[in-house]
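Here is what each chain is made of, one letter per residue.
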Amino acid sequence: MSEPGLREPLIFDLSKPGRGAASQFPPAPDGAEARRTVEIPQRLRRASRPRLPEVSELQAVRHFTRLSHLNFSIDSHFYPLGSCTMKYNPKACNTYAMLPEFLSRHPLAPEPQGFLACMFELQEMLKEITGMQGVSLSPMAGAQGEFAGVAMIRAYHRARNDTARTEIIVPQAAHGTNPATATMCGCTVKEIPCDRNGGIDLAALEAVAGPATAGIMLTNPSTLGVFEHRIAEVARIVHQAGGLLYYDGANLNAILGKVRPGDMGFDVIHMNLHKTFSTPHGGGGPGSGAVGVGPRLLPYLPIPLVGCRDGRYRWLTERELPSSIGRLSGFMGNAGVNLRAYVYMRMLGRQGMVRVSEFAALNANYLMKRLTAAGYEAAYPARRASHEFIITLRNESRLFEVTAMDVAKRLLDFGVHAPTTYFPLLVPECLLIEPTETETKEELDHFCDAMSEIRREMEREPEKLRSAPHTMPVRRLDDVRAVKQLDIAWKPGR
Amino acid sequence: MSEPGLREPLIFDLSKPGRGAASQFPPAPDGAEARRTVEIPQRLRRASRPRLPEVSELQAVRHFTRLSHLNFSIDSHFYPLGSCTMKYNPKACNTYAMLPEFLSRHPLAPEPQGFLACMFELQEMLKEITGMQGVSLSPMAGAQGEFAGVAMIRAYHRARNDTARTEIIVPQAAHGTNPATATMCGCTVKEIPCDRNGGIDLAALEAVAGPATAGIMLTNPSTLGVFEHRIAEVARIVHQAGGLLYYDGANLNAILGKVRPGDMGFDVIHMNLHKTFSTPHGGGGPGSGAVGVGPRLLPYLPIPLVGCRDGRYRWLTERELPSSIGRLSGFMGNAGVNLRAYVYMRMLGRQGMVRVSEFAALNANYLMKRLTAAGYEAAYPARRASHEFIITLRNESRLFEVTAMDVAKRLLDFGVHAPTTYFPLLVPECLLIEPTETETKEELDHFCDAMSEIRREMEREPEKLRSAPHTMPVRRLDDVRAVKQLDIAWKPGR
Amino acid sequence: MPFVPHTPADVSDMLSAIGAGSIDELFDEIPEALKAGTLHGLPAALREMEVGRLLTERAAADGRLLNFIGAGAYEHHIPAPVWAIATRGEFYSAYTPYQAEASQGTLQLIYEYQSMICALTGMEAANASLYDGASALAEACLMAIRAKPESRRILIPRTVNPVYAKVAQTIARHQNVEFESTAIDRRTGRTDPDALKSSIRGNEAAALVIQQPNFFGNLEEIDELTDWAHANRLLVIAVVNPTSLAIFKPPGEWGSEESGNRGADIVCGEGQPLGVPLASGGPYFGFMATRLAHIRQMPGRIVGRTVDTEGRPGFTLTLQAREQHIRRSKATSNICTNQGLLVTAATIYLSLLGPEGLERVAASCAERTESLVQALTRIPGVAAAFETPRFHEAVLLLDRPASPVLAALAERGIAGGFDLGASHPELGHAMLVCATETKLDQDIDAYARAMRDAMQLPRGERGRPRRHHE
Amino acid sequence: MPFVPHTPADVSDMLSAIGAGSIDELFDEIPEALKAGTLHGLPAALREMEVGRLLTERAAADGRLLNFIGAGAYEHHIPAPVWAIATRGEFYSAYTPYQAEASQGTLQLIYEYQSMICALTGMEAANASLYDGASALAEACLMAIRAKPESRRILIPRTVNPVYAKVAQTIARHQNVEFESTAIDRRTGRTDPDALKSSIRGNEAAALVIQQPNFFGNLEEIDELTDWAHANRLLVIAVVNPTSLAIFKPPGEWGSEESGNRGADIVCGEGQPLGVPLASGGPYFGFMATRLAHIRQMPGRIVGRTVDTEGRPGFTLTLQAREQHIRRSKATSNICTNQGLLVTAATIYLSLLGPEGLERVAASCAERTESLVQALTRIPGVAAAFETPRFHEAVLLLDRPASPVLAALAERGIAGGFDLGASHPELGHAMLVCATETKLDQDIDAYARAMRDAMQLPRGERGRPRRHHE
Ligand SMILES: Cc1ncc(COP(=O)(O)O)c(C=O)c1O
Ligand SMILES: Cc1ncc(COP(=O)(O)O)c(C=O)c1O
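The listed protein sequences correspond, in order, to chains A, B, C and D.
Position 286, counted from 1, in the first sequence is what the working numbering calls 286; the numbers after and before it change by one each time, with no gaps.
Position 28, counted from 1, in the second sequence is what the working numbering calls 1028; the numbers after and before it change by one each time, with no gaps.
Position 189, counted from 1, in the third sequence is what the working numbering calls 2189; the numbers after and before it change by one each time, with no gaps.
Position 257, counted from 1, in the fourth sequence is what the working numbering calls 3257; the numbers after and before it change by one each time, with no gaps.
Bound-form chain A, shown alone (with noise of 0.2 Å):
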């Protein structure tokens, strides 16, 4: 072989005319049984058969086993990707929502009462963890439990003959999908600067807290992986001016059984079920973003809820919730996610929730001394590391011409996934790293010595790291021909 080619070949280049897994089709029908059928016409048919690739069963099973190689996960390696909280995902919680009974119901079939059983109970844990007094689990993600809480805000303005309401207020650090959402309920995003602390600016705040503010949303501790201890004063603010809080739930690790974001003044949060209640990230999803409000947007919750009466459990729907939001899916949410939460939250108990945010926090401000002690700059060395923090490598940067980046490729040689790198924005260089409650100290320890191995190779062999990883399936790739040069889906005779 001359040029190189791929680790593993396409799926496509494997395909053969007339190979498959025939003992998936359905057996085939039986001439003399066929059923006499409503006859297809030509015009609807499709001329030629799609170019799906045809493989025998063991061509699949190794081919899709093998891709599976190329990947780091939680399950095989250390996963530090910040704001994305990748702890240990328990067997159990799949195992348990795979049983047959869960996974042959059909969502419009007779209401099962052991499943909504489970939604039920998650739904009350749920208002209990957060201090809200309504939860819908229909969200599939974070961003789209952002998209409920402001549409609610926006139903509760509405009501209100409030209708000038249409600025969300969010911090400059702010993960992208809070000013994403605002755009998509059709508000305008005034963005407001944080302080040197990594506090919100509350001068600016005030300035642009006004008659038109529908809401504000944040995140607390903030991605910038510190407490907004002053939240109460934002809180106050901002309600004042007759706008709404929105708690942006991804960071609920850091504070779970601590502090509750209905404590805290806030009217509306999202959760990540994906990240503090340990669902799978699934190589990039399915996620479920259940939605907590407080007593004013209790009536615009997206529907459905279950509901219990007389001990049945019950789907609430339009009927009983009028002025709802509305659905956000075809059916009732990520169902089988929100069972692996219940799994999870019901392993760890009262007990447990807070066992989580207490190591979670143990483990970061323990990674955080001994990285600064290794000669890297925390982002707010002040300041408490919440659940994650944040190390800047702007100096690095300018003394030894190498980027986050570099860095980030670079332990991936160590065997360590990277943290999440350049976000938030405004920090410069920087990545945010959040280590999770689930990992021991050992392995926090091999991460600080790569970390401290890659510190001493950028002052000795800093091209080592500029052309990192050099272990991984291929060595760095090429984004912008990625761009430039789009290739998307494979096409035949290539």
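Quick caveat, the hints were computed from the structure, so don't treat them as lab data.
Keep in mind that the hints are not guaranteed to be accurate.
Subject to a maximum C-alpha distance of 30 Å in a straight line, what follows is the list of computed DSS-like cross-link-like pairs (lysine-lysine) [said to hold, decoys possible]:
id, chain 1, residue 1, chain 2, residue 2
1, C, K2148, A, K484
2, A, K441, B, K1491
3, D, K3166, D, K3148
4, B, K1127, B, K1016
5, C, K2148, C, K2166
6, B, K1464, A, K16
7, B, K1484, D, K3035
8, A, K16, A, K491
9, D, K3330, B, K1127
10, A, K441, B, K1441
11, D, K3330, D, K3148
12, D, K3197, D, K3166
13, C, K2330, A, K484
14, B, K1441, D, K3035
15, A, K464, A, K369
On the provided structure of chain A, position chains B, C and D with the ligands as indicated by the hints.
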């Protein structure tokens, strides 16, 4: 790290006192409710806890996931290990054998009709395939099937008061379990040579067969990969001498639906369900070594069998089979393995069964042809390959000072598991190659290309072979040291 | 401690490294007044053994029904390898492939998935998934509005899944998108072309949504509809069932050759039929495909093939400038986490079935549904509503409201169909039934027997079933 | 073609490369007369969908019983990770690690397993598994005979699992090994030391088998028995329950310090309690451990740690000169394939439970069994046979034969225990019950209620239960 260490540490080195996967522990005995138990005296108790690892659930999951990455397997690699039939193990077999109701059944609980129906039908199918009159599923691997077979032969002679028959004839090429089994059964082994074409030396057989002959153990096709076409003659000689014929079914894949051991004159057969019927090899088992018998040995089948009367299935035991050679396992053999074989056989059905041997033979003969074209020497060039065949490197070993082992190790670098090496013992520097029917022509071609490349390397850079493998988690391991400096268990504080 | 690996020694070592006296101290920036007390409302922790037993009992309580409901989610055979592989930790516990070099497995799989969606739909570009079919339609509507900002009106015939229309409304209404619903042709159970024509006044609609097969299982005259829409400068948003695409004309070829503008503009749909279990409604996944011309308006992740510094091919996320993490308030959508694991399952499913397998699934579904319709319409009081060519669903008309009949069937262990009474009262006492390849003759017989029983029961309302074109 | 990937083009290409006109020709060395016709007795192929449905229906027909049977197989909680990982293709579909360099995963796992078995048993060397507990005892007996060839007699008290004794006999009798069964002490339910003493005449026995806990769940006085055996120059073969070893004296320490020869010589047992499902009896696995002095007599695979050519540590099969593939007719055993996958499961299980978890499982089992015994013996006609310290099984005496009572319990969904009537008539109307950590109070109550009902039924035989030491 100065000294190279293990790719993945020992689980004991991940352990820390006081750590544990707590949600796997049983609920803590509630002080108030703890039952008064019959006191267990100190002298019967353990003084200190066993040194088992103390790790978190994530640590365990990550450790074993990472260990799994250090293996070749059918699901990830072509695995042409001769005599082992490393064909695709359909996932469905596992999925359906692991249905909760099957898994939760205690073997001594009232007889489960659904499970036993499968076992009964499996017995019937195996009878049909082998041309035998009775089948017992209780032997737990091929070797135990052999044991059962020879024990039945002995029981047969004993019942006829023919007690002098204590010799078992075994061809030189036989698998090691054959002579070992004969010894375990208290017999003497009489080895007979093979002729130039891999056949049995009939003269030698005639010479050795006689009044002391209990029976002969044969694999057909033999472990030399060729079919003994004079099998009727062999049967005649042995039967005339008063002995019985034992068929080692390890190579049944070669003849499925083409010729039946019963029709060849065999009195007893074991099958390796983990080979021919594709139950998993599991890193070395579990297997299942079901035995089939002709009319003479019916009374001696190992118990339990599955019987059916009036539509009810039941285990048949000592009561129904008083002459049985007895029980071979604590319960009823490797029940779950048998269930997997059942699922597989139902998916193959009548038509699929013969396809197995046809395509196994096609693949083997194709490979043999291509390898000889590439310059390798087939051990029996005048013969058809069965489902497997042998190449011998006796010339190469002389010319280039490379061994079959070197070729085997070098193959690993090409992403192919090595064929069986140095078996059968009577072919010098041999590789026994069994591609199986589930591999594609492309996979075979890749193997041939690798072998051709290796052949070129032999001539040009033989050191590359001698020092292979180069790309595995470890380089070639020191087997001698493993024996001399025996280290077979971790010890604390090393 | 469940899932927390710290030993007491670890805790004290780490605290002293940090310079904190206790874990509590790490939370000292949280004002005391805000601190939560014990979460009394939460139950105590269960061991895995206990939770396993609880869930097993609840699952057993739910039992299993013989299912004949479709209406947007379809029961298909799921090959055993699909979930055996999708749940491998390397897929299950990885996240969005931000670090491409350490995520080639997921990235290549998504590239293969995109290619398969393009092959099925006949389109040029597909994304890496959206949440589900309904929300995918919502995104498609927003995308259409971006592509054709002159108008904010979308035509959604009543032949489109009514929940999809609702979800599109929930999501798009905030951007002042208006949805106009147009009538069903009651004789054919298809979109009424006349209603459509009268619905556009001048040129002010951005797009027409066409569902094929439509919500009733009937096949629309997609060429005519597409030509009409394009002639009127509407974009065509196709909502399709992916299984059906094995046999039906792909949206990329809708419309007549003569029109000079063949093909839908945006294609979306529910991916669930491709190896995803019913599971009370999720997680499923939405797929979306479009023409290359519109790709920068498409929401969601896209994987592209590129090369590394040594020229070796590899895969990476691409065209990220459309997305929220780059474009923030100007992104095409707020979507971030999508439905990766389901895409993994679907890609394995499609690889196993291939063109022939999927075609046979589709053909079998169609045949099974005809068998079901024949068996049920032999029962007095039950009639087929339409005789239009269909895929794997059919509308039945009863001589009484469907709801008590369905309840009676459920008591007999049969999920008999979807009651159209609430969503489509104009059809009369109608219900939607579905039989996929999973339904054997014995199942259809069992349904017919149960239906006979159920129809024997006293009925609230009398009269023979009305077929609307009688 | 199911599982065969060849296209018609492949077949003709390959045949022409071979130079054969048809596939049939490849079988031309098989004499025509021998060729099989169609296998009419086999059913037609089923698709995975069909076989899945068949098996699901059969499993459902079997249902689930609330299980209180032990007698050699024990129902324990199996952590979800155990089988999620053991069924990964890399473990599930690999074979015996002949090619060490491509099998380090399996090899290291077995090394860890051997280490764990040594830790549990207190022995120096363990093998990589045997088929199951019963056949492991057979192998242990043969091993004892090899280690002590002066004698071919083995003492097996009737306190040992009777099936184990039978299997040992089936397997070892061909090498002229004699088994002598010695009596139970009917008062304590332990091995009767006097019976033992009288069973050896001179010095002609090779070994004594001691099961701890014994078949009845009772704890033997292992120190006394071991000392006695060693004093009489018998080897001690310990048959142990691995769970119980978390709390009980390991066989490596059996015997008194003063004896100067502490420890069993060979240890074996059933590994099933360590994460292996009951599954109608298998696959399970047998474990075996011994002193280093006897290692060359031990059957089965052994993994050793070594280094590669660069000094990196690694693992490989070792001491293979004991085995059939090297030694052939002179091997220690004919065993080849063992129970690798179950060892994988057990190693994961033991890693998850650890010393504390396993101790708590053992303690919980003991406590649950006491609860069960208390609940059942409150019922008139039910009494405990022994008051000897025990683990997680107990013999109950009934006032009537156990078999109809067990049948009545089964009708109530309860697998109530093992009828000792056939194997141990000397105990009277006895049955063996077991409760593991999986049994909640509500389960024990359910059993007691059902037992009360069952004992209310007319009984064949009357009389209050006899306790043998009354
Ligand atoms: C702070 C923050 N908010 C919102 C989100 C969006 O959540 P999701 O990806 O589930 O839509 C994320 C996750 O990436 C996040 O980190
Ligand atoms: C020819 C032959 N006979 C017997 C056996 C023994 O079978 P098992 O390993 O299942 O005991 C084998 C397998 O290795 C074999 O290849």
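Hints and how they fare:
1. For the proposed pair K2148 of chain C and K484 of chain A, the alpha carbon gap of about 25 Å is at most 30 Å, so the pair holds.
2. Between K441 of chain A and K1491 of chain B the alpha-carbon distance is near 23 Å, which keeps this suggested pair within the 30 Å criterion.
3. For a cut-off of 30 Å, the pair hint linking K3166 of chain D to K3148 of chain D stands: about 22 Å separates their Cα positions.
4. Among the hinted pairs, K1127 of chain B with K1016 of chain B is inconsistent with the structure: their alpha-carbon atoms are about 54 Å apart, more than 30 Å.
5. Using a Cα cut-off of 30 Å, the hinted pair K2148 of chain C and K2166 of chain C holds, with the two alpha carbons roughly 22 Å apart.
6. A hinted pair counts as satisfied when its Cα atoms are at most 30 Å apart, and K1464 of chain B with K16 of chain A does not qualify at roughly 35 Å.
7. A threshold of 30 Å between alpha carbons decides the hint, and for K1484 of chain B with K3035 of chain D the separation of about 52 Å lies outside it, so the pair is violated.
8. This hinted pair checks out: K16 of chain A and K491 of chain A have alpha carbons roughly 15 Å apart, not beyond 30 Å.
9. For a cut-off of 30 Å, the pair hint linking K3330 of chain D to K1127 of chain B is broken: about 33 Å separates their Cα positions.
10. With a CA separation close to 50 Å, the supplied pair K441 of chain A and K1441 of chain B exceeds the 30 Å bound.
11. For the suggested pair K3330 of chain D and K3148 of chain D, the alpha carbons sit about 17 Å apart, so the restraint of at most 30 Å is met.
12. For the hint pairing K3197 of chain D with K3166 of chain D, the CA-to-CA distance comes to about 23 Å; that is within 30 Å, so the pair holds.
13. A threshold of 30 Å between alpha carbons decides the hint, and for K2330 of chain C with K484 of chain A the separation of about 21 Å falls inside it, so the pair holds.
14. With a C-alpha separation of about 27 Å, the suggested pairing of K1441 of chain B with K3035 of chain D holds against the 30 Å cut-off.
15. For the given pair, K464 of chain A sits about 26 Å from K369 of chain A by alpha-carbon distance, which is consistent with the 30 Å threshold.
Going down the numbered hints, you'll see the structure goes against 4, 6, 7, 9 and 10, while the others check out.
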